[in-house]
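Chemist: Could you build the full structure based on these sequences and the hints that come with them?
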Amino acid sequence: MTPHFGLPEFGFLLRGLQWTVLLTLVAFAGGCTAGLAVALLRTCGHKGVEWITRIYIGIFQGTPLLLQLFVVYYGLALTGLKLDAFVAVAIGFTVNASAFLGEIWRGAIQAVPRGQTEAAMALGLHYSSRMRDIVLPQAIRISLPATIGYLVQLIKGTSLAAIVGFIELARAGQIVSNQTFQPLLVFGVVGAMYFILCWPLSWWGSRMEARLALASQR
Amino acid sequence: MGYTLDFSVVWHAMPALLWGCVGTLGLALAGMTLAMVIGVVGVAARDSKAVWLRAIVIGFVEIVRNTPFLVQIFFLFFALPLIGLKLNPTATAIIALGVNGGAYAIEIIRGGVQSIHKGQVEAGYALGLHKGQVFRFIVLKPALRAIYPSLTGQFIMLTLTSSICSAVSAYELTSVAQRIESDTFRSFEVYFSVTFLYLAISWLLMLGFAVISHRFFSYPTR
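Sequences listed follow chains V and F, in order.
Under my numbering, the letters of the first sequence match residues 1 to 218, in that order.
Under my numbering, the letters of the second sequence match residues 219 to 440, in that order.
Just so you know, these hints were derived from the structure itself, not from any lab.
You can trust all of the hints, since none of them are fake.
Distance condition first, Cα-Cα at most 25 angstroms in a straight line; then the derived DMTMM-like pairs of lysine to aspartate or glutamate:
(1) K267/F - E340/F
(2) K82/V - D224/F
(3) K82/V - E399/F
(4) K359/F - E340/F
(5) K267/F - E325/F
(6) K359/F - E325/F
Just so it is clear, the structure is predicted and the values come from calculations on it, not from any experiment.
Modeler: This is the structure in structure tokens:
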């Protein structure tokens, strides 16, 4: 007797959705913090440091997210630490986010007109004040559409945690699909849940991009 | 504790892994070809006069771009047999990659077509170029030049995405790695090395695309 896709199954998917959202939020928060550090190091002016961060970013951009997840997941297991699956995948996504957000913000920092930095220097502002009060506020504005774009990528990316066995939305979908033998319905519902999560963000991002493009035309 | 890393298993499995690389490249190439076909047809439909056709294309692009590839490939894996396409995992993977890449290709190609100003074409005719020349030098080459970076970037993205096709056990690098892992239990060593194989693939692709771009798309300087 196989169960049909009903309310309990839907509830199970919703709990998976909760984990997807939680995983995304944790990874995004961690990625923002570490990404800021990456972006600042990438633009610090020291040749060696810039080169190292550049390679760091290049590695994450040039390899599949799935493999990055595998390496972090099994790498952490080797250290002997008994980590919860959630913590392990959250670390994996955080590291990935740090590289991608670092690169996005690197571009944004460099897109702030040089005159701004020069004027701040002429006013005698030191590095931290120059960044915090002059460059970063403008860079954040420029980077917002791409940052939101990455957030959508991250939400979709967390589905790969399913492959290492963490039960989030995609894995919950696999489980329910195996129980009910209604894969099309189940994956349709799962897809719709991701869509409801991602589409408003995508829409917001592209609207903001259009507005920024209009502003820079003036 | 006391785990010692042993990369010799990776070295012994290298021939299989290199064949996996070939599989990955083949998968990406086939997927990208399908994506380009979907892209060109999609752009024509996207700008057609039929409202319903435009709506379908817009809906397709939004759905594909806002759902994970993993869910898309699972859906297709079960949906394709229902419409009579009983395919092996690799063929399913190619279709999934093509559908996914196609949605992005539609946006990219559309951007390229829109980047050609009507006045450019008129200027071409005014200079006495005939129709073929106008198409080749004024429409095609600048449009290709405009979309080349995003299109090749998309190809590399697709190559990396193809690792997810291991979830339906298509023949490519990650599924080869998973097989070696389950034979040797050397998870970290295998995946660590395979990550760098992917890095080598994407760097080689980037280099190749840069050479092609330099050869064909640089503006004449003489």
